[in-house]
Amino acid sequence: MLRFLISRLVQAAIVLAVMSFVLYALIGLMPGDPIDLMIQANPELTPADGERLRRLYGLDQPIVERYGRWLADALSGDLGYSRAHAVPVLDILLPRLANTLVLLGLAFVAALAIALPVGIFAAIRPYGPADTAINLACFAGISIPPFWLALLLIMLFAVTLGWLPAGGMATPGMESLADRARHLVLPVLALTLASVGGYTRYVRAAMLEQMRQDYVRTARAKGVGAIAVIRRHALRNAMIPVITIVALDLGTLFSGALITETMFGYLGMGKTIYDAILANDFNLALVGLMLATATVLAGTILADIAYAALDPRITYRRARA
Amino acid sequence: MTAAPARIEAAGTRATPARWRRFLAHRAAVASAVVLALLAAAALAAPAIARAYGADPGQVDLLNRYAPPSAEHWLGTDALGRDLFLRLVFGGRVSLLVGLAAAFGAAVIGTAIGLVSGFAGGRTDAVLMRLTDAVIALPLLPFLIILAAIDLAKLPLPEGWAEADTASLWRIVAIVALFGWPTVARLVRGTALSLREREFVLAARALGAGPARIALAHVLPNAVSPIVVATTLSVGNIILLESVLSFLGLGVQPPTASWGTMLTNAQELIWSAPALAVWPGLMIFVTVIAFNFLGDGLQDALDPRAVVTRR
Numbered sequence: 001m002l003r004f005l006i007s008r009l010v011q012a013a014i015v016l017a018v019m020s021f022v023l024y025a026l027i028g029l030m031p032g033d034p035i036d037l038m039i040q041a042n043p044e045l046t047p048a049d050g051e052r053l054r055r056l057y058g059l060d061q062p063i064v065e066r067y068g069r070w071l072a073d074a075l076s077g078d079l080g081y082s083r084a085h086a087v088p089v090l091d092i093l094l095p096r097l098a099n100t101l102v103l104l105g106l107a108f109v110a111a112l113a114i115a116l117p118v119g120i121f122a123a124i125r126p127y128g129p130a131d132t133a134i135n136l137a138c139f140a141g142i143s144i145p146p147f148w149l150a151l152l153l154i155m156l157f158a159v160t161l162g163w164l165p166a167g168g169m170a171t172p173g174m175e176s177l178a179d180r181a182r183h184l185v186l187p188v189l190a191l192t193l194a195s196v197g198g199y200t201r202y203v204r205a206a207m208l209e210q211m212r213q214d215y216v217r218t219a220r221a222k223g224v225g226a227i228a229v230i231r232r233h234a235l236r237n238a239m240i241p242v243i244t245i246v247a248l249d250l251g252t253l254f255s256g257a258l259i260t261e262t263m264f265g266y267l268g269m270g271k272t273i274y275d276a277i278l279a280n281d282f283n284l285a286l287v288g289l290m291l292a293t294a295t296v297l298a299g300t301i302l303a304d305i306a307y308a309a310l311d312p313r314i315t316y317r318r319a320r321a
Numbered sequence: 001m002t003a004a005p006a007r008i009e010a011a012g013t014r015a016t017p018a019r020w021r022r023f024l025a026h027r028a029a030v031a032s033a034v035v036l037a038l039l040a041a042a043a044l045a046a047p048a049i050a051r052a053y054g055a056d057p058g059q060v061d062l063l064n065r066y067a068p069p070s071a072e073h074w075l076g077t078d079a080l081g082r083d084l085f086l087r088l089v090f091g092g093r094v095s096l097l098v099g100l101a102a103a104f105g106a107a108v109i110g111t112a113i114g115l116v117s118g119f120a121g122g123r124t125d126a127v128l129m130r131l132t133d134a135v136i137a138l139p140l141l142p143f144l145i146i147l148a149a150i151d152l153a154k155l156p157l158p159e160g161w162a163e164a165d166t167a168s169l170w171r172i173v174a175i176v177a178l179f180g181w182p183t184v185a186r187l188v189r190g191t192a193l194s195l196r197e198r199e200f201v202l203a204a205r206a207l208g209a210g211p212a213r214i215a216l217a218h219v220l221p222n223a224v225s226p227i228v229v230a231t232t233l234s235v236g237n238i239i240l241l242e243s244v245l246s247f248l249g250l251g252v253q254p255p256t257a258s259w260g261t262m263l264t265n266a267q268e269l270i271w272s273a274p275a276l277a278v279w280p281g282l283m284i285f286v287t288v289i290a291f292n293f294l295g296d297g298l299q300d301a302l303d304p305r306a307v308v309t310r311r
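Which chain is which? The protein sequence lines are U and B, in order. Counted the way my numbering counts, the first sequence spans residues 1 to 321. Counted the way my numbering counts, the second sequence spans residues 1 to 311.
Careful: at least some of the hints might be erroneous.
[What the hints assert, rightly or not] Away from chain B, derived, C-beta distances all over 10 Å, residues of chain U:
#, residue
1, D36
2, L75
3, G77
4, D78
5, G80
6, H85
7, P88
8, G162
9, G173
10, M174
11, A181
12, D214
13, A228
14, L250
15, A306
16, L310
[To be verified] Output of the computed footprint for chain U on chain B, the stretches with three or more beta carbons under 8 Å from beta carbons of chain U:
#, segment
17, 138–148
18, 174–185
No lab work stands behind these hints: they were computed from the structure. Given the structure is predicted, the values throughout are model-derived calculations rather than measurements. C-beta: ideal position from N, C-alpha, C; glycine also.
Construct the complete structure from the given sequences, taking the supplied hints into account.
Printed below as a string of structure tokens:
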């Protein structure tokens, strides 16, 4: 187990390292040039000053060397400044990561809390009317553009009914936990609806697969009740593939969060990355994306551990091929 | 007339009628195929539709902004007085083109990687599969946003490419294909691994066929069904991605109409002209759900194992 964890962590570190280099190189391809921007902002600067600044910041050096220096700084804890906000990037990113985790966590739990019972229910009588209806709803959920769904929710609950705020984190001057919760309802609902269809289909497919197995028939034959067969036998085994797929979907969930956050003006990581790119604040975007990816990878590793806890057959001992 | 019986017999030996029967039994898939055929026909005939309709999708008419539906403008006009119906028709061209082209590109890359991985084995296989895992786990959208923000003029592209009107469209196709290949790569690798030691492959090898010939002539045909299913299912996803990127202002660039760009100002529109925010989203929804149902139906028809699970 320990060995497996270490190998997974090493893998994640390699992914992050490769990614940081690619992203660092990509920043050079972004529109606008930082020195040109400085010259434009300050009429006193001449092109000759620009050359000097370029040398001062090391921008005349090859990319590998610049990246090496950036990496050394980053590993020693200096991740640089945000150009647009003029503060260290982590000062912006950490509170927003917390906001995103709240949004993701609530939506993830809500989606699973719906998908599990509904998926199991659909699998009990496959191809019956209830299953067909659930299947249609799932396809609709998967196929609806998430930003458009958010728009429809705003249209219904904020514009027409006026029950909930259309966006933002809190009502200025009225900050309280209840107010924060009111602002969370629509973003969480939008993100939940965007992922619940897929999750329900995974649960249903995994349950169907288990219900056809011999051990289920054996359990039934020896008189185990219908609910106990599902709960004690089929569901436990069905959870294993469900966890795998749901964990692999964490990246997709984060992508969904980016859309949701942007639509509702929710100050999370996704919106921060998007806004940073539009504002040419590439260091903020780069570190933000690294942090988001690290979070997602951590989630998949956690899922692997949960996997071992659920399935005693899995020991993660090294299987030499 | 006389040729007909022979054709049926030939088809019968290839299990095609069974596939057709299974596909036709999936009513949602059949309906989706019809819907998609209509959408594709409208997209192909868009210029002719515009001529018959007597208008131009890019024609600005500032005296006629936010016009309600009328005989002249079937669905009314947008913020610049452009005809909404025609913009939807032309937007469909872009969405379908991007969806199909990127799905095809991803399938080609995925097939190549899957074949190499399945046949090379060893370290090459391990590295490629770790790469596949990594791409699957990544939060895709922020990556696409960064790639979509790249200044094409800074890339060593052939003269004039970066400035072309269609550059933003092909850029989306390229970056989606660049991240969309892992599903097909895994499927093809799986097929390659399972067939590698089968008798007909060994026979081909004994007859002197090289690895490239075995991969392309013997393994690839057996992987076609899963590739077709996965690719069909991916088209819907890609159309969703394109619409999100265009909506965020990083996809297809105006004045080219795509369903996503038409929703760019939708957050303001829901207060002033809700219909403008509803129609393009509805088109995306219908198209994407149709591709998903079609893929589901093809899976039933082409993948015999899936049929066993059915009843």
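Evaluated hints:
1. D36: holds, 12 Å
2. L75: At roughly 21 Å from the nearest Cβ of chain B, U/L75 sits farther out than 10 Å, so the non-interface label holds.
3. G77: The assertion about U/G77 holds, with a minimum of 23 Å to chain B.
4. D78: holds, 22 Å
5. G80: Non-interface label stands for U/G80: nearest chain B Cβ at 17 Å, farther than 10 Å.
6. H85: holds, 18 Å
7. P88: holds, 21 Å
8. G162: holds, 13 Å
9. G173: At about 24 Å from chain B, U/G173 clears the 10 Å cut-off, so the statement holds.
10. M174: Nearest chain B Cβ is 23 Å from U/M174, so the label holds.
11. A181: The assertion about U/A181 holds, with a minimum of 23 Å to chain B.
12. D214: holds, 15 Å
13. A228: At roughly 24 Å from the nearest Cβ of chain B, U/A228 sits farther out than 10 Å, so the non-interface label holds.
14. L250: violated, 7 Å
15. A306: holds, 16 Å
16. L310: Holds: least Cβ distance 20 Å, greater than 10 Å.
17. 138–148: This one holds; 9 residues, not fewer than the three required, reach chain U with a Cβ under 8 Å.
18. 174–185: Violated, because only 0 residues of the segment 174–185 of chain B bring their Cβ atoms closer than 8 Å to Cβ atoms of chain U.
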